[in-house]
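**Q** Chains F and A supply the protein sequences, listed in that same order.
Anchor point for the first sequence: position 60 equals 1484 in the working numbering, and the numbering is continuous, going up by one each time.
Anchor point for the second sequence: position 107 equals 108 in the working numbering, and the numbering is continuous, going up by one each time.
Hints are computed from structural coordinates only; laboratory data are not their basis.
Keep in mind that a hint or two might mislead.
[Unchecked claim] In silico lysine to any residue, SDA-like type, Cα no more than 20 angstroms apart, as pairs:
# : chain 1 : residue 1 : chain 2 : residue 2
1 : F       : LYS1509   : A       : ASP288
2 : F       : LYS1642   : A       : CYS70
3 : A       : LYS336    : A       : CYS351
4 : F       : LYS1509   : A       : THR185
5 : A       : LYS164    : F       : LEU1615
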Amino acid sequence: METNSNSHSRRHFIKNVAALGAGVVATSANQAVAAPANILSEDRKGVLVDTTVCIGCRNCEWACKKSHDKESGNIEEYSDRSVFKQFRRPSAATYTVVNEFSNPKNPALPINVKVQCMHCDRPACVSACIVGALSKYEDGSTIWDPVKCIGCRYCMVACSFQIPTFDYNKAIEPNINKCDFCNERRKAGKLPACVDICPVEALVFGTRSEIIKIAREKIQRNPERYINHIYGENEVSGTSWVYLAGRNFYELGFPKLGFKHAPGVSEAIQHGIFAYFVPPVMFYSLLGTMMWIYKRREEFNKEAELAEELELQSEPESEVEEL
Amino acid sequence: MKKNVFLFVFFLCLLTSLGIYGFQGGKSATGTQKQEKPNIIVKSRQVIKPDNKNQNKLHAKCTLNCKTCHYCEYPTKKNPCLIYCPRDGMVTVFHTPEECPEVITLDEMSVRFGAVVFSHKIHAEMSQMSNGCQGCHHYNTTGPVLACRKCHEQTRIRKDLNKVDLKGAYHRQCMTCHRQWSHTTDCNFCHISKVPNHKQKIQEKIIQISGKEHPKTVEPNKLVFETSYKKGKFVTFYHEDHIKVFNVACNKCHWDENCITCHDPNNKLTHGAKGKNISIKTKKTFDEHHAPCNNCHKQDHCNVCHNDKELEAWDHFKVTKFELKPHHDKLACTKCHERTSKFQKLNSDCNSCHKNFKPGKFNHNVVALKLSDNHADLACESCHVKSRFKDKPVCKECHDDKEFPKSLPGEKIAKKKK
Ligand code: SF4
Ligand code: SF4
Ligand code: SF4
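In isolation and in its complexed conformation, chain F is listed as follows (with noise of 0.2 angstroms):
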């Protein structure tokens, strides 16, 4: 199988690769494959966004970046409204972003919407990534590994939310980034950076099962305020990040999805690729190897991992079992 090309032993590869995938997260209790075995602790951690409440100052987004080192510029400069214009999505400058939506029941307040990863309970990134770059914890957080990353960008596919994005202006060992739930931070003892500044306590962090709780009794309690519906509550199996909002959230930018988890993602993959087989090769080939030109370069020096790799394409079960 080696250096055998022919399309039964791709397909071969291809479907093992994907239904391990699948796999991963299916049977992940028993087998605790790309994940810890207490994914679904009852401590695990979640932020509940509530949209009705945020008032769009991007102070968020100001500090998740000074947070993560990252070039944040003056907080001054955040009061600037004129980016809501376009709607924008985490990137490789950003792990978080703030939009901005129509209110309709009152023009004057326009509906804010904060948007990072939602750290899903059973994470289709995870599930996807073939090297094990993207573990899920215990504490509720989903987080992306530099050193195991072979920059696939398979998760980037994966992800319902569209999250993880790739550092597209470095050339050398770029990154895929996303929100870490600011996992040094919450090691000190500390909040999140987007949790402690934010001036009206939009975002509230506690345990999932308390935020949910909380979130529920809003409804409630307030139900001309809120629609019935705490979003990442069941999505894709839910999610540590859930939102409460006043308006549709279809409407807000979120994606219509079903509740059944990473599985079903996969599985849609799987079959596209057998759906749109032909155009994607010719380009890809062209870019896959380049790529392997870089990467030869770059990690000329690194001839034990490739030796892995190598490993892992020969033999794909086992390899993906022990990660």
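Assemble the complex: chain F is given as a structure, and chain A with the ligands must be docked to it using the hints.
**A** The following block gives chain A with the ligands in isolation, referenced to the frame of chain F:
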């Protein structure tokens, strides 16, 4: 080996590219799944009387609706399910804006930004048209008005996440209005930046605000609404008459006024607009539009207010031929007219209302004619034949040569001002 690496990278690229297509397909596939489980929300407005036997006596005697404090149907001691905000109707000590603190300096938590010098009195004055003190001091048990920090904790890492922390509480109160009219979230709009002479700047600001009052609200004389009602496009609203003639208190209609009604820079209804022709576009629902009028006009037909042209001010004399001045113009309409579906036409004879006009009982001075001593003791009917008071009084019964108003049964005096 090189070949192997190439193959591997190639496969990954392939997967990525196909994944993009697959993902798009997958998304729409999951999008069609309809499996949203609605949360069950109890929306009962039923009033539950607390069980007197096991309750603390005071609690049971409480006249409030249970739902003012508890959000669940059956609060228990173990789970009282207390509402956090707002607890309206609990403030029992009221203050006028003059009694309130004039300026408050908020600096207990300043880390990144400097203090806020808050013009409390001016805000209290403005709040009189929107919920009063309770608009901000919402979570207040019975008793005096409490400061925000009495209830809201100063730390964000805390046990009770249900109640917003102090920083959040302040900003929510301020920003709900402020960003509506200033359209900005610029922190320095309220915060004094942390410059070296920060303390001095605070003092300057305090001096600047002290003694200031909210300018007197300009009341329009009349407003003409152009509506979409076909059978009567125009509603002419005589604002001044409603205050001065009909004695309607400001907050009877303006009880929930938003700051931007006056302070929106995009809104032309700002200070000094009196006498000018103003055109305002409103975005209100049918009910919201009619709510202030329905305080009194609930039972009136649409055409009482709606007309195909602008209406003249309502005048009691023009419509009914009964002059209200000088004795009846300060009375509430319902003092004479019984309020049914429509104001009924009344008999304009004085004694149809004033049943007790008897000699000695009626002070004739109020009609600006002081009766002479020999007339004062006569029965009313001696001059006002058959008690028809609005007709000319008759002198002929006693004096053949005299006639009203050439001769008077007393002397004219200045009209008594009420
Ligand atoms: S939102 Fe995307 S990146 Fe974040 S955990 Fe979920 S799948 Fe992964
Ligand atoms: S949790 Fe941390 S990394 Fe994530 S958006 Fe907030 S500040 Fe950024
Ligand atoms: S800091 Fe808070 S209020 Fe400001 S934009 Fe972020 S979430 Fe919204």
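**Q** The structure should be examined with respect to each hint, and the outcome stated for every one.
**A** Okay, the hints, checked on the actual structure:
1. F:LYS1509 x A:ASP288: violated (33 angstroms)
2. F:LYS1642 x A:CYS70: The given pair, whose Cα atoms are some 14 angstroms apart, holds under the 20 angstroms limit.
3. A:LYS336 x A:CYS351: Satisfied, since the Cα-Cα distance of roughly 14 angstroms is no more than 20 angstroms.
4. F:LYS1509 x A:THR185: Within the cut-off at roughly 15 angstroms; holds.
5. A:LYS164 x F:LEU1615: Judged against 20 angstroms, a Cα distance of about 17 angstroms means the pair holds.
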